[in-house]
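In order, the protein sequence lines correspond to chains E and B. Numbering-wise, the first sequence is residues 1 to 110 according to this note's numbering. Numbering-wise, the second sequence is residues 1 to 114 according to this note's numbering.
Among the hints, erroneous ones may be present.
Unchecked claim - Below, in silico cross-link-like pairs of lysine-lysine (BS3-like), each with a Cα-Cα straight-line distance of 30 Å or less: (1) 18(B) x 97(E); (2) 55(B) x 13(B); (3) 42(E) x 13(B).
Calculated directly from the structure, the hints in this document are not laboratory data. Computed from a predicted structure; not experimentally measured.
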Amino acid sequence: QKEVEQNSGPLSVPEGAIASLNCTYSDRGSQSFFWYRQYSGKSPELIMSIYSNGDKEDGRFTAQLNKASQYVSLLIRDSQPSDSATYLCAVNVGTYKYIFGTGTRLKVLA
Amino acid sequence: DVKVTQSSRYLVKRTGEKVFLECVQDMDHENMFWYRQDPGLGLRLIYFSYDVKMKEKGDIPEGYSVSREKKERFSLILESASTNQTSMYLCASRTGGANTGELFFGEGSRLTVL
Chain E
1 QKEVEQNSGP
11 LSVPEGAIAS
21 LNCTYSDRGS
31 QSFFWYRQYS
41 GKSPELIMSI
51 YSNGDKEDGR
61 FTAQLNKASQ
71 YVSLLIRDSQ
81 PSDSATYLCA
91 VNVGTYKYIF
101 GTGTRLKVLA
Chain B
1 DVKVTQSSRY
11 LVKRTGEKVF
21 LECVQDMDHE
31 NMFWYRQDPG
41 LGLRLIYFSY
51 DVKMKEKGDI
61 PEGYSVSREK
71 KERFSLILES
81 ASTNQTSMYL
91 CASRTGGANT
101 GELFFGEGSR
111 LTVL
């Protein structure tokens with residue numbers, strides 16, 4: 001069964017620090033990878049998508065993909081209390097099939 | 001910006017009632033999805049529609065049906081609600097040009113079945 005694994009956390013980091021969130025996936029054929037942020041009681045909001053090996057930066061966020069090792073990570077620089085949320089990793093494994101991890105809860109301490 | 005709108009944010013229904021959840025997107029996306037999200041289980045796909053009047057079953061279609069009469073609108077129907085359908089329901093859309101593309105979610109509909 002195709003899986004996406006995330007540490008559930010909580011991951012606690014002080015304000016201003018770098019938060020590092022990790023995700024591993026089982027399907028070697030996966031082509032596209034996504035990070036979503038979800039505040040409590042709200043719906044997932046797309047932060048980053050990444051399709052090729054390496055780093056992709058967008059503001060304070062950097063997504064890293066390593067297909068050989070089957071992991072994707074999200075770095076949040078200068079973490080703010082407003083970044084406190086659950087971060088979902090999602091992997092596309094087919095035409096309309098996305099596998100979502102259960103998320104890592106991040107707490108940024110002021 | 002992509003806008004996906006779910007008409008009902010919170011619903012409380014009785015067992016056996018018929019429930020309609022509506023979703024509308026304004027970006028002319030071909031593909032639309034219905035997921036449910038439960039604690040510890042993540043997001044699970046209920047149904048997918050790749051075009052008007054076209055649909056595919058997802059992982060957990062039992063007890064649900066869908067309707068896509070217009071490109072922008074995708075409805076989820078619970079024919080006879082049961083307590084185990086209490087959940088957060090999420091609609092999503094994406095452009096059909098890239099089968100591996102980004103999903104954009106609506107605000108969610110939290111359904112409680114008593």
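Each hint tested on the structure:
no.: 1; hint: 18(B) x 97(E); result: holds, 28 Å
no.: 2; hint: 55(B) x 13(B); result: holds, 26 Å
no.: 3; hint: 42(E) x 13(B); result: holds, 21 Å
The structure is consistent with each of the numbered hints, conforming to all of them.
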